[in-house]
Amino acid sequence: MDFLAPLVVSSLSAGLALAISIVDAIVNNYGEVEIDINRGKKKLKVKGGSPLLQTLAAQNIFVPSACGGRGSCGVCKVKILSDVGPYLPTELPYMSKEEMTNNVRLSCQIKVKKDLQIELPEELFKAQRFKGIVESIKNLTYDIKELRIRLVEPNSIDFLAGQYIQLVIPPYEKVTQSVQRAYSISSPPSDSGHIELVIRLVPGGIATSYIFNHMQEGEIVEFVGPFGEFYMRNTQADMIMIAGGSGMAPIKSIILDMIDKGIRNRNVWFFFGARSKKDLFYVEMFRAIEKEWDRFHFIPALSNPNPEDDWTGEVGLITDVVDRYLTNIVPKDNEKEAYLCGSPGMINASIQVLQKHGIGKIYYDKFA
Amino acid sequence: MMIPQINPFLLLIASIFTSNVLLSYFLGMCSFISISKDLKSSNGLGMAVTLVMTITTAANWILEKYVIQRWDLSYLRYILYIIMIAAVVQMLEMIIDRVSPALYISLGIFLPLITVNCAILGVALFMQLRNYSLIQSVLYGFGSGLGWWLAIVLLAVIRKRTENAPIPSGLKGVGITLITIGLMAMAFMGFVGMLPVQ
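Taken in sequence, the protein lines are chains A and B. Add 26 to the 1-based position in the first sequence for our numbering, that's all there is to it. Add 3 to the 1-based position in the second sequence for our numbering, that's all there is to it.
Chain A extracted, bound-state conformation (with noise of 0.2 Å):
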């Protein structure tokens, strides 16, 4: 008699399965159909019959849900141009004007029936989950360290440099909930098989206290990546890069990208702040970079040197110094763009100094 729950439970399922399974292989069969993603960047063939995010993510292109596909977050919104009909009722609640006109779907209510044209943001369709090995952590100083991750599943990653990856910091202590925290990529794209990154410890925060108290070289980590729409841009205008702290990290993987590249017709000022000696790092290696390429130039500059930091170099605010160098040094006559990294406030005041001297186009990634 022991038996016979089970059996019932089971055998019911069972049939009801075979049933699904059934009607699902005479009713529900579109064949094999092709999704075009951007144009012809990208073409995937896959088995028609489920709907487009699901097949999407079967394919490792994960469109951002927050309900996971049932229709009532309105996130996972896509732009299709193939005609997949009208909209529907579980569509519009979610869908502006603009959206309708644009033809923006949502992803999770389309069903994959036909050969499709889709359009998706490009760092989408790059982004992936990755897992990778702690193989170093170094003090750059003393609140800032350089974290080195060797990627093991997938082994290499494919990015721009000056784009950032979000970590997940599992849970610790009293955090019960995963978090995720972006930091920018300061290792350039060449070594595709690492990522560093260049970490500041914030009093309090979740994540850099792990970082600093818990994380052990050799431990796996997670993160998702690339991400950001900070890179170099390709053209031929001198470059005025402006960095504080950790806002270090992007601009150095962009100059090694340069050098890993062979970009050295392009005038380069990069101008790095700090507070006093202890806060500067990478000192070493700038300056010989700037040994080995004359159009690179690195001005490290302290607003509140110590009398025993013996310093000799740029003193002031690191607007400041810019101001003073776009003023009297920096030759005026060629086209310049700017690529700021650092905290809000820095970059405000850049802006301003910079749209003084009329430069206009600016680039910057903002700690948030």
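Everything labelled a hint here was simulated from the structure, so no lab data went into it. Be careful, since some hints might not be right.
Unchecked claim - In silico DSS-like cross-links for lysine-lysine, where the CA-CA straight-line distance does not exceed 30 Å:
id: 1; chain 1: A; residue 1: Lys304; chain 2: A; residue 2: Lys164
id: 2; chain 1: A; residue 1: Lys71; chain 2: A; residue 2: Lys105
id: 3; chain 1: A; residue 1: Lys123; chain 2: B; residue 2: Lys175
id: 4; chain 1: A; residue 1: Lys387; chain 2: A; residue 2: Lys67
id: 5; chain 1: A; residue 1: Lys164; chain 2: A; residue 2: Lys392
id: 6; chain 1: A; residue 1: Lys387; chain 2: A; residue 2: Lys287
id: 7; chain 1: A; residue 1: Lys358; chain 2: A; residue 2: Lys392
id: 8; chain 1: A; residue 1: Lys123; chain 2: B; residue 2: Lys40
id: 9; chain 1: A; residue 1: Lys103; chain 2: A; residue 2: Lys139
id: 10; chain 1: A; residue 1: Lys105; chain 2: A; residue 2: Lys140
id: 11; chain 1: B; residue 1: Lys40; chain 2: A; residue 2: Lys105
id: 12; chain 1: B; residue 1: Lys175; chain 2: A; residue 2: Lys103
id: 13; chain 1: A; residue 1: Lys103; chain 2: B; residue 2: Lys43
id: 14; chain 1: B; residue 1: Lys163; chain 2: A; residue 2: Lys103
id: 15; chain 1: A; residue 1: Lys123; chain 2: B; residue 2: Lys163
id: 16; chain 1: A; residue 1: Lys152; chain 2: A; residue 2: Lys287
id: 17; chain 1: A; residue 1: Lys123; chain 2: B; residue 2: Lys68
id: 18; chain 1: B; residue 1: Lys43; chain 2: A; residue 2: Lys140
id: 19; chain 1: A; residue 1: Lys392; chain 2: A; residue 2: Lys171
id: 20; chain 1: A; residue 1: Lys392; chain 2: A; residue 2: Lys152
id: 21; chain 1: B; residue 1: Lys43; chain 2: A; residue 2: Lys139
id: 22; chain 1: A; residue 1: Lys103; chain 2: B; residue 2: Lys40
id: 23; chain 1: A; residue 1: Lys105; chain 2: B; residue 2: Lys43
All values reported here derive from a predicted model rather than from experimental measurement.
Go by the hints and put chain B onto chain A.
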């Protein structure tokens, strides 16, 4: 237990008005509140709930009579009902999608949403609890679906009116909707005296 002596058609009317599954038992609230933002969607969802309720009540009645009671498996009732509902909804969706794309657009897309609608399970459980016959169960399921449909369409119409009404900002959205539902429930209680059915 005896089959209650209720005229099935009386049961149909009662389940629409006096014992409306939404407004007197407050089942299926989640989609009731979220979908009633839009009248057209509410209509489609109401239709889908009616269809699914009618079919699953019948299917679960057969399951109850020929499987659960036969082998004395009443403690597995919830699980078995849910499995049945999920399977029926799945098949319905695929069939409608293939047979009539137009019907699918107005109704079929809601089917996955209502697999877990508690009104569907609730009606099946009431049907069992009150020991209805097959014909009573089908009409009860159909009537409860119609009642749900009526309630969500009414709410959608009222919400359209409240959109531009001068409501205190803290009450906008779900707040005023819940108050509206409460008032509607009280109004429906007015029907109770009309029919001698629970």
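Find the hints from earlier in the document that the structure breaks and name them by number, from lowest to highest.
Number 17 only.
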